[in-house]
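Chemist: Sequence:
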Amino acid sequence: MIAVKRSAAVPASLVAQRSLDQTQEARDYYKGWSAGKPAFVEFTRYKDYDVQQALRKDFSWKCAYCEKQLEKGSFEVEHYRPKGGVAGCDHPGYWWLALTWTNLLPTCAACNKGLHQHIVTVTTTFAEVEAMQSTKPSQLHGKATQFPVGTARLVAEVDDHDLEQPLLLDPTRTDPEPHLRWRHDGFLSVVETADGPEGPSVLGAATIHCVALNRLDLAENRTQILDRLRTQRIQIMEALEKDAVPGADAADIARAVEFARVRIEDMKASGLPTQPFAGMVRAYVRTLAAELDQWVADSVV
1 MIAVKRSAAV PASLVAQRSL DQTQEARDYY KGWSAGKPAF VEFTRYKDYD
51 VQQALRKDFS WKCAYCEKQL EKGSFEVEHY RPKGGVAGCD HPGYWWLALT
101 WTNLLPTCAA CNKGLHQHIV TVTTTFAEVE AMQSTKPSQL HGKATQFPVG
151 TARLVAEVDD HDLEQPLLLD PTRTDPEPHL RWRHDGFLSV VETADGPEGP
201 SVLGAATIHC VALNRLDLAE NRTQILDRLR TQRIQIMEAL EKDAVPGADA
251 ADIARAVEFA RVRIEDMKAS GLPTQPFAGM VRAYVRTLAA ELDQWVADSV
301 V
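For the sequence shown, position 181 matches number 181 in the numbering used here, and the numbering has no gaps at all.
These are computed hints drawn from the structure, not numbers from a lab.
No incorrect hints appear here.
DMTMM-like cross-link-like pairs, simulated, lysine to aspartate or glutamate; straight-line CA separation at most 25 Å:
| id | residue 1 | residue 2 |
| --- | --- | --- |
| 1 | 242 | 266 |
| 2 | 68 | 266 |
| 3 | 113 | 220 |
Derived DEER-like restraints, expressed as beta-carbon distance ranges:
| id | residue 1 | residue 2 | range |
| --- | --- | --- | --- |
| 4 | 9 | 265 | 30 to 36 Å |
| 5 | 250 | 230 | 26 to 32 Å |
| 6 | 266 | 137 | 37 to 43 Å |
Glycine residues also receive a C-beta, built at the ideal position from the N, C-alpha and C atoms.
All chains should be built: construct the whole structure from the sequences, respecting the hints.
Modeler: What follows is the structure, given as structure tokens:
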């Protein structure tokens, strides 16, 4: 998950008369709404082609939450604030934002829906993964209508939206990096809650849980890239140890260190916004760069 700049231009479909009509129909419907009544289901324009294309462009054809590449047929337009109800409370949903550009995100089905999925941790072993793969998941994981907040929840179109404090990260509003800690020391690529000045990030914890960022298939996909990074790290550090041996000429050591830095810099290409799992890659490269700095401090006199 990485920060993304949303285009300021609103897709035409969302401001067309039909969209305005759908919002008014919903407004009329919810005037008589009470807990237990079904949600308004006539919203359609958020799925129009120009909306999807704008989201694809902004997010480089990746899921806004997990950064999985979105192939044709796997793309879903997600409502950050759910439009048809909120899990765990009698709330009609944020229906008035159903056709609002800043409330829409591109996602994969596994992040967007509540699906039966296995969840892994940093201590999950290869044997445990094999056992999971042979067993049908029994629990639902994924966002669905989850939308945790840290304050009173908005209940009306006229409420001050700035007063609500969403706990789910929206990468177009909040940089996810300070809230997520990527673990590279386990069998699988796993993300955990980052620690901040006031303790573990509440936003990080809520996001990891809500969109199932440690579901098995996703962790396995990330691990394929992580393993390539691990291999590159081994090659870089082995070459450094070979060239910068004790007693070597200072100029030779400096060249070896500089070459290692260049190779680490090259690894950043895998963390460009267009690449899958860029957040994980960036964290790994930062860790490797810090490891090299420490090696230099410990080894070069």
